[in-house]
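Participant: Let the sequences and hints guide you as you build the complete structure.
Same order as they appear, the protein sequences are chains G and D. Counting from 1, one number per residue, gives the positions in the first sequence under the working numbering. Counting from 116, one number per residue, gives the positions in the second sequence under the working numbering.
By construction, these hints were calculated from the structure, which means they are not laboratory data. These numbers were taken from a predicted model, which means no experiment stands behind them. Treat the hints with care, since some could be wrong.
As the list claims (entries may be wrong) - Chain G stretches covered by chain D per the calculated footprint, using a threshold of three residues with CB under 8 Å from any CB of chain D:
1. 26-40
2. 46-58
3. 107-113
Ideal placement from N, C-alpha and C gives every residue a C-beta, glycine not left out.
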Amino acid sequence: NAGVMQNPRHLVRRRGQEARLRCSPMKGHSHVYWYRQLPEEGLKFMVYLQKENIIDESGMPKERFSAEFPKEGPSILRIQQVVRGDSAAYFCASSPPRGTVNEQFFGPGTRLTVL
Amino acid sequence: KNEVEQSPQNLTAQEGEFITINCSYSVGISALHWLQQHPGGGIVSLFMLSSGKKKHGRLIATINIQEKHSSLHITASHPRDSAVYICAVRYGGATNKLIFGTGTLLAVQP
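Facilitator: The following block contains the structure:
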């Protein structure tokens, strides 16, 4: 059973470009979470999604950031018109459906560098 | 004030020492997680606790719900234990989001 997969592992973008980060949850997991770790800072929650639904996006910046988790395929975190302050490690986690053990399993992260 | 406080922020130990990392939180939670992160690396979930105590190898995690406090212990520490250890709490309700402490940077010297 493969773990949570994220790609790319490293992503370099120039200011103004778009960044797309992908997350494939563990098999059987229908809940996905995105977290951001800025340099020298702790992890912060961004968004919580179930298939085709955003459950909690209270940690998402109001502009330029969006997330989706379609019925088929991976979850996508999209950052439009990136700025240097978006440089960070972005971690995805997944968990089983509610009512079972809700432990979250983390992916290896995508390290975004904005030049 | 951070909702989740960890202490110490930095810890240096000699190989073989017993290590304790503490975590305090301010409101009731449904679960507490201990995570490990190596520099530049991914995040590994060590424990998820809602009460009592759990043990895995040389690692032990305890939680006191009344005092809103948890501890992570490492027995017979080894240089490969050097990493950042992060406490995270999950509140009940519709959201499963985690609120993280700032982490404890552990260095175990041979």
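Participant: Has the segment 107-113 of chain G got at least three residues whose CB is nearer than 8 Å to a CB belonging to chain D?
Facilitator: holds (count 3)
Participant: Are there at least three residues in the segment 46-58 of chain G whose beta carbon sits under 8 Å from a beta carbon of chain D?
Facilitator: holds (count 4)
Participant: Report holds or violated for chain D covering the segment 26-40 of chain G, Cβ cut-off 8 Å, minimum 3 residues.
Facilitator: With 3 residues in contact (Cβ-Cβ under 8 Å with chain D), the coverage given for the segment 26-40 of chain G holds.
Going down the numbered hints, you'll see the structure goes against none, and every one checks out.
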